[in-house]
Amino acid sequence: MLIGHQPKEFLLAVEALTVSFDGFKAVNDLSFYVEENEIRVIIGPNGAGKTTVLDLICGKTKATSGSIQFRGKELTKLRENEIVQTGVGRKFQTPSIFEDLTVFENLEISYPRGRTVFGSLAFKRDAVVMDRVEEVAEMIFLKDRLRASAAELSHGQKQWLEIGMLLIQNPDLLMLDEPVAGMSVSERVKTAELLNRIIKDRSVLVIEHDMKFVEDIAHKVTVLHQGQILSEGTMDRVKNDPKVIEVYLGH
Amino acid sequence: MSLRQQEQEGQEQEGQEQESKVMVINSRFFNRSELIGFVTLALLLFVILPLALDIFRLNLVAKYLTYAFVALGLVLCWGFGGILSLGQGVFFGLGGYCMAMYLKLEASSVANTKIQSTPGIPDFMDWNQITQLPLFWKPFHSFPFTLAAIILVPAFFALIIGAAMFKRRVGGVYFAIITQAIAAILTILIVGQQGYTGGINGITDLRTLHGWDIRTDHAKLILYFVEVVLLFGCILLAQFIRLTKLGRILVAMREQEDRVRFSGYSVANFKIFAFCAAAVFAAIGGALFTLEVGFMSPSFVGIVPSIEMVIYTAVGGRLSIFGAVYGTLLVNFAKTSLSETFPQLWLFGLGALFIAVVLAFPAGLAGIWADYVQPRIDRLFASRRPKSGNGWTGPSVADGAPAE
Chain C
0 MLIGHQPKEF
10 LLAVEALTVS
20 FDGFKAVNDL
30 SFYVEENEIR
40 VIIGPNGAGK
50 TTVLDLICGK
60 TKATSGSIQF
70 RGKELTKLRE
80 NEIVQTGVGR
90 KFQTPSIFED
100 LTVFENLEIS
110 YPRGRTVFGS
120 LAFKRDAVVM
130 DRVEEVAEMI
140 FLKDRLRASA
150 AELSHGQKQW
160 LEIGMLLIQN
170 PDLLMLDEPV
180 AGMSVSERVK
190 TAELLNRIIK
200 DRSVLVIEHD
210 MKFVEDIAHK
220 VTVLHQGQIL
230 SEGTMDRVKN
240 DPKVIEVYLG
250 H
Chain X
0 MSLRQQEQEG
10 QEQEGQEQES
20 KVMVINSRFF
30 NRSELIGFVT
40 LALLLFVILP
50 LALDIFRLNL
60 VAKYLTYAFV
70 ALGLVLCWGF
80 GGILSLGQGV
90 FFGLGGYCMA
100 MYLKLEASSV
110 ANTKIQSTPG
120 IPDFMDWNQI
130 TQLPLFWKPF
140 HSFPFTLAAI
150 ILVPAFFALI
160 IGAAMFKRRV
170 GGVYFAIITQ
180 AIAAILTILI
190 VGQQGYTGGI
200 NGITDLRTLH
210 GWDIRTDHAK
220 LILYFVEVVL
230 LFGCILLAQF
240 IRLTKLGRIL
250 VAMREQEDRV
260 RFSGYSVANF
270 KIFAFCAAAV
280 FAAIGGALFT
290 LEVGFMSPSF
300 VGIVPSIEMV
310 IYTAVGGRLS
320 IFGAVYGTLL
330 VNFAKTSLSE
340 TFPQLWLFGL
350 GALFIAVVLA
360 FPAGLAGIWA
370 DYVQPRIDRL
380 FASRRPKSGN
390 GWTGPSVADG
400 APAE
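Those protein sequences? They're chains C and X, same order as listed.
Residue 214 in numbering that gives the first Met the number 0 is what sits at position 215 of the first sequence, and the numbering runs on without skipping anything.
Residue 99 in numbering that gives the first Met the number 0 is what sits at position 100 of the second sequence, and the numbering runs on without skipping anything.
FYI, nobody ran anything at the bench for these hints, they're computed from the structure.
Think about it this way: if two alpha-carbon atoms lie no more than 25 Å apart in a straight line, the pair counts; the simulated PhoX-like pairs of lysine-lysine are: (1) X:K166 with C:K59; (2) X:K166 with C:K61; (3) X:K166 with C:K72.
Turn these sequences into a full structure, and let the hints guide you.
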């Protein structure tokens, strides 16, 4: 007979995470946990350390101390490309796509096969790859732009393309940094629709300022302030937390 | 494009998918303009130049073409991968010295060197009071070993430099400066170790390759054709690399290194590969240089020749495999004719040419061709065959890349 309940298996466990840049602690003793299939939104005022948290998880910035466990693996010891291979995908704030390549080639490069030097020399564009690229292109509204150069896309389309490049990697944890920033209203609606579709069957960590958007998608919200957690919980709880109202929502 | 879509709209969903797949696959080994470039170059090098030039001038062309191998490597490494190496002379020299060591040992038989105090070793060693063949020279008695060394020594050296730099994320200008420093160091080393390397004079008085006299006119003609065949081999290899996913990753890396990293690739490994490939191409050129010209010296290793090699590539067009070959030939012809007339002015001219190309024509001669000549040819084809289907030719990997 089991006594009590077994500890829950978290997909991502961030514990006592600290990073300091020349003495300034951008993230200070931060701990939070993300469950399987959970959509977690991180909000907070400018300079709260939101983007730094994503940088730390994906390996772009090295932690000063603390641990990041993803499915039991310690990410702080891995290199960026190894972290991607364990199943973490990251979208940057400004669209980072390959403008000299076509939309098709952008998606193809992100397809998770032939990732070593010689693997990529031997990589074949077979039916599986083509089908997957087309499938993803349809999802991100770019099916008829596959052969266009990525440089020709609009800002919103570039954002979608980058989301598509993550999607084709099929990560277990998807990290999005302000996915709707700089988009027109109609693009925003489409993006929300897109995100709602792709967040199924995976955990998502989103940084976003658009409160309407946050309310729509968040299961749980984490409010960061000066590198520490100010409040955490459902949107309703966070919205009514006097500390949060004071530093962030009140403005 | 829009026409294409209208056509497609009328078709069934399945047929539409089929066709778009075929069109996306459309990756023939050469597209039409590349095929024209390939055939033109083959005609020029295999037929026109050998018929038009006497053996002295043809040998000059052969000498120029050895630099085309280096330029080809730079197209891969600098043009596609964005890794500017100002030290390709190092690899050119390593290949050249490997070949020269073999030829020198063959020329230094006991019979040929019986007047020396130690017969059977290269003459410059004897002059430097060395009485025994150094250990690292010994394997170069073997021709197969020499051929392997020409490829493997520079590749290994590039691997070490590449791993040391790229794994530490050293890139861009810093990498260029370090490669330049390495070129300077190697020159100083070769000049300083006169007894082992022949010093500033280099390794001279080379006579036979595997018993075959390389100094006759007939041999020079044969060597020219061997070289051109090897050049086309390297061109095809470079084109193959360009068309694989690795080629596209190199281009992707040039502009968004982080995105490549966060797509699960080890950027350092891809850079190391490009750098090693460029080194091997340069080394093949260097080995052929030794054969064609009959000696090897540190003046082909240092900073100045290394930068000249970059200029050949820039003038020809650093994104164009064929452009690199034409650029090398043109700059070298200009160098030969102008440096005789204006020996002092030539270096300034070369510098000015480099600046002019970078500022005004970042894609070099190949860019000028693509912008002004190619459209006319295309129109010609289009007017002749108005219904030449398959109107879409995919933008090639590097077309229209911005200058850096």
